[in-house]
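Enquirer: Given the structure of chain Y, go ahead and fit chain L onto it with the hints provided.
Protein sequences appear in the order of chains Y and L.
For the first sequence, our numbering assigns the number 1 to the initial residue and increments by one for each residue that follows.
For the second sequence, our numbering assigns the number 1 to the initial residue and increments by one for each residue that follows.
These are computed hints drawn from the structure, not numbers from a lab.
All values derive from a computational prediction rather than experimental measurement.
Every residue gets a Cβ at the ideal spot worked out from N, C-alpha and C, and that includes glycine.
Be a bit skeptical, because a hint or two may be false.
Ranges of calculated distance between the beta carbons of each label pair, as one might list FRET restraints [what the hints assert, rightly or not]: (1) Y:W24 <-> L:N112: 23 to 29 Å; (2) Y:W24 <-> L:F374: 36 to 42 Å; (3) Y:W24 <-> L:L322: 34 to 40 Å; (4) L:I372 <-> Y:P27: 32 to 38 Å; (5) Y:W24 <-> L:K328: 30 to 36 Å.
Under 8 Å between C-beta atoms, here's a sample of chain Y residues computed to sit facing chain L [stated by the list, open to error]: (6) P23; (7) E29; (8) Y32; (9) S46; (10) A63; (11) A65.
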Amino acid sequence: MSRTLLALLIGLLLLAGGCATEPWVAPFEREYLADPVMNFSRDPYSDAYIMHVYETREGAQGAGAGSGGGCGCN
Amino acid sequence: MERRHTLYRTHLVFVCLLSWPLLLAALFAPSAAMAAVLADDRADALYHYYDGGGVEVQGPAVLVRKGDNANVSGFAHYYIDNVTSASVDVLSYASPYTEQRNEFGLGIDYLNEDTTLTFAYSNSEESDYSANTFNLAFSQEMLSGMTTLNMSVSRGFNEVRDNTNPTFEETADVWKWRMGVGQVFTKKFVMNFDFEVIHSQGFLNNPYRKVRIDGNFVAPEVYPDKRNSLALAARGMYYLGKRSSTRFEARYFNDDWEVNALNLEGGYTHYYTPKLLAEYRGRFYTQNKAFHYSDNFDSVQRFMARDKELSTFSSVSVGYKLTYEIWKRSDRLLKQGDISFAYNLFYFDYEDFTDPTNNNEPYSFHANVAQILFSLRY
Chain Y
1 MSRTLLALLI GLLLLAGGCA TEPWVAPFER EYLADPVMNF SRDPYSDAYI
51 MHVYETREGA QGAGAGSGGG CGCN
Chain L
1 MERRHTLYRT HLVFVCLLSW PLLLAALFAP SAAMAAVLAD DRADALYHYY
51 DGGGVEVQGP AVLVRKGDNA NVSGFAHYYI DNVTSASVDV LSYASPYTEQ
101 RNEFGLGIDY LNEDTTLTFA YSNSEESDYS ANTFNLAFSQ EMLSGMTTLN
151 MSVSRGFNEV RDNTNPTFEE TADVWKWRMG VGQVFTKKFV MNFDFEVIHS
201 QGFLNNPYRK VRIDGNFVAP EVYPDKRNSL ALAARGMYYL GKRSSTRFEA
251 RYFNDDWEVN ALNLEGGYTH YYTPKLLAEY RGRFYTQNKA FHYSDNFDSV
301 QRFMARDKEL STFSSVSVGY KLTYEIWKRS DRLLKQGDIS FAYNLFYFDY
351 EDFTDPTNNN EPYSFHANVA QILFSLRY
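Just chain Y, same shape as in the assembly:
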């Protein structure tokens, strides 16, 4: 079952990559997307610090918006 699902997913992604040649949001329509308010992380270094606070105090880790370092685990 999982192999079928994997094959299907890969097929769909390849299909999407090969067929969708025209972007539905043209480059000249991206004024809003280019605004700094639409940036997930304007200050990545600052955000990495907050991620470090989370990772040292929570059991979960990974797939965060930034990446921490070191231990600081007490």
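Expert: Below, chain L without anything else, positioned relative to chain Y:
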């Protein structure tokens, strides 16, 4: 446990198998009208402050990034944590202490058309912990910048020591595999999806922490020497108009220590004036305990943990960040200067971790987290 390890090996195979077809799809994707760009040249000076649960951590940090305005951008950072700890663990069976953590890192981005390759290294040193981490990342923009594919692999070599025992020295190594997709859905709506698998192996507990058996702190923790986890995250951002946006995030985490966690986050960003940007955020996090965690064991077990980060708890945090643009002149050598202040209030509420210094009541604490950031663009 063995069945769960097999399950996680399957996830690793899944990541590896999926990565290469996506890479091939990316390389043969139609050429883009909008090429990818390197990150801005910038220098950040940051002061950070954390105070909560008897622990105070503060110190400076600096980041410098410079590129050749074409294909290459290099970066370096240095970060200091000055720690004063009288946490509930420390007060229960040890003495307060102070120490310093120093971290430095170097990295380089290489851009070719819509493909960016990044190599980075970082080193973190404490009196009883050393961490060396290598990271290789790949990013590909496709479909005229509508879709961005990210993949990275990270390898950490860590050394654990014990300041009370000079002969104690163990290793803890970490592999991280991450894959993500960023997608433009409409003129006002974008989303990111991330999937990360982490494999840790070696001495994974704290050499100082003790477990409580029948009411007494008499034995050190004993952890399995392997931990495998996966995390899935979805983030979205929507432009509301009048230079404001709202964002949301959901992340699910699961590992073979039977920890399941979920966090939900929302935020609102708004330019009050062309120079003043304000962000507000709220976050909720919840997790259940690891299979080998207990606040008070009845008897000695093969694996024993009393780390509150492995207990059942939830936390809520709210915060804001204000950024003021001091100047912006594209004809100057120093093109832009910004100053930011950020504050976050955290509240942690533990369900099965009690405080021996407070009649064994369930433990809770709040923390104040602040940052001041000065950022230069050039």
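Enquirer: Are the hints correct? Go through all of them and say.
Expert: Hint check:
1. Y:W24 <-> L:N112: 23 to 29 Å: For N112 (chain L) against W24 (chain Y), whose Cβ atoms are near 26 Å apart, the range 23 to 29 Å holds.
2. Y:W24 <-> L:F374: 36 to 42 Å: holds, 40 Å
3. Y:W24 <-> L:L322: 34 to 40 Å: holds, 36 Å
4. L:I372 <-> Y:P27: 32 to 38 Å: holds, 37 Å
5. Y:W24 <-> L:K328: 30 to 36 Å: holds, 33 Å
6. P23: Holds. Min distance 4 Å.
7. E29: holds, 5 Å
8. Y32: At 4 Å from the nearest chain L Cβ, Y32 (chain Y) passes the 8 Å test, so the hint holds.
9. S46: holds, 5 Å
10. A63: Given a least distance of 4 Å, the restraint on A63 (chain Y) holds.
11. A65: The hint holds - A65 (chain Y) has a Cβ within 8 Å of chain L, the shortest such distance being about 7 Å.
Hint compliance for this structure: every hint is met.
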